[in-house]
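Can you build the whole structure from these sequences, using the hints too?
2 protein chains.
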Amino acid sequence: MWDSLVQHESIESILHDKGLSQIGDNLVNFLYSLAKSSVLETASGEKVRDKVLAKAIRNSSLYPYVGRRTDAGRAADSYEAIIAWLWMKDQLDAKWAVHFLAERLSITKTTNRKQEGAIAAEAFQALIEEVKDRLP
Amino acid sequence: MWDSLVQHESIESILHDKGLSQIGDNLVNFLYSLAKSSVLETASGEKVRDKVLAKAIRNSSLYPYVGRRTDAGRAADSYEAIIAWLWMKDQLDAKWAVHFLAERLSITKTTNRKQEGAIAAEAFQALIEEVKDRLP
Numbered sequence: 011m012w013d014s015l016v017q018h019e020s021i022e023s024i025l026h027d028k029g030l031s032q033i034g035d036n037l038v039n040f041l042y043s044l045a046k047s048s049v050l051e052t053a054s055g056e057k058v059r060d061k062v063l064a065k066a067i068r069n070s071s072l073y074p075y076v077g078r079r080t081d082a083g084r085a086a087d088s089y090e091a092i093i094a095w096l097w098m099k100d101q102l103d104a105k106w107a108v109h110f111l112a113e114r115l116s117i118t119k120t121t122n123r124k125q126e127g128a129i130a131a132e133a134f135q136a137l138i139e140e141v142k143d144r145l146p
Numbered sequence: 011m012w013d014s015l016v017q018h019e020s021i022e023s024i025l026h027d028k029g030l031s032q033i034g035d036n037l038v039n040f041l042y043s044l045a046k047s048s049v050l051e052t053a054s055g056e057k058v059r060d061k062v063l064a065k066a067i068r069n070s071s072l073y074p075y076v077g078r079r080t081d082a083g084r085a086a087d088s089y090e091a092i093i094a095w096l097w098m099k100d101q102l103d104a105k106w107a108v109h110f111l112a113e114r115l116s117i118t119k120t121t122n123r124k125q126e127g128a129i130a131a132e133a134f135q136a137l138i139e140e141v142k143d144r145l146p
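Chains A and B supply the protein sequences, listed in that same order. Each residue of the first sequence is one higher than the one before, starting from 11 at the first, in my numbering. Each residue of the second sequence is one higher than the one before, starting from 11 at the first, in my numbering.
Because the hints were derived from the structure by calculation, they are not lab data. Some clues are possibly wrong.
Derived DMTMM-like pairs: lysine to aspartate or glutamate, alpha-carbon spacing no greater than 20 Å straight-line [stated by the list, open to error]:
#1 B:K99 x B:D13
#2 B:K28 x A:E51
#3 B:K105 x A:D13
#4 A:K99 x B:E51
#5 B:K61 x B:D81
#6 A:K105 x A:E51
As structure tokens, then:
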């Protein structure tokens with residue numbers, strides 16, 4: 011159905027696909043909303059900040075593809091494009107990903123925004139490490 | 011994993027679950043982004059307007075649950091909560107839903123915003139009709 015949108019033959023070309031990053035933005039927010047809702051046992055919608063995803067990808071072994079000079083917005087876009095590409099290529103199951111994130115999200119209702127961001131960045135970093143071998 | 015979040019025994023109680031509607035907001039935007047991207051063969055992220063989802067649910071057989079006096083924001087919330095609940099209960103497959111919407115999205119790159127909204131509302135109406143029997 012969307013073969014033409016995911017015809018990338020290198021990681022670099024996925025990372026720079028702005029359209030995929032927009033799709034991935036919706037997907038990442040959805041996955042995180044569900045993971046957080048599951049952990050806190052209260053349904054809510056969340057928007058993952060660029061800073062969180064930027065940290066996740068910069069601390070991962072994909073760092074060479076992102077680089078220190080890339081701003082947080084573009085680093086987050088790269089993360090989102092990867093997640094979109096993997097899901098669209100049937101290489102990432104959404105329910106599995108929610109479970110994976112939720113297991114690593116040691117937060118409570120009193121965790122503050124900054125702490126939550128740090129914990130979320132680690133969970134997203136673990137996720138990208140887990141799936142990176144499925145990239146071209 | 012999220013059993014406690016989807017323990018609704020009536021349609022009404024799903025429709026009024028604000029947390030589910032926030033989760034569904036991310037999911038609906040993700041599904042629509044993929045459907046539109048597939049049709050136009052250009053990846054992009056979309057935000058579905060409340061007006062579109064409100065129209066979809068008001069024109070559907072779920073109308074009695076929403077009512078004429080409900081404002082567009084709350085009608086859209088109801089739509090989103092239903093989609094989230096169905097997905098979380100394994101009653102709605104995301105790829106199937108994208109395909110279903112894409113098949114009904116007769117748009118091109120020159121379709122204007124208003125026309126696209128009307129076509130999208132019909133596609134979302136057809137989707138809710140198709141899955142409504144899976145609700146409690």
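So, going through the hints one by one against the coordinates:
| no. | hint | result |
| --- | --- | --- |
| 1 | B:K99 x B:D13 | 9 Å, holds |
| 2 | B:K28 x A:E51 | 14 Å, holds |
| 3 | B:K105 x A:D13 | 13 Å, holds |
| 4 | A:K99 x B:E51 | 16 Å, holds |
| 5 | B:K61 x B:D81 | 9 Å, holds |
| 6 | A:K105 x A:E51 | 16 Å, holds |
Hint compliance for this structure: every hint is met.
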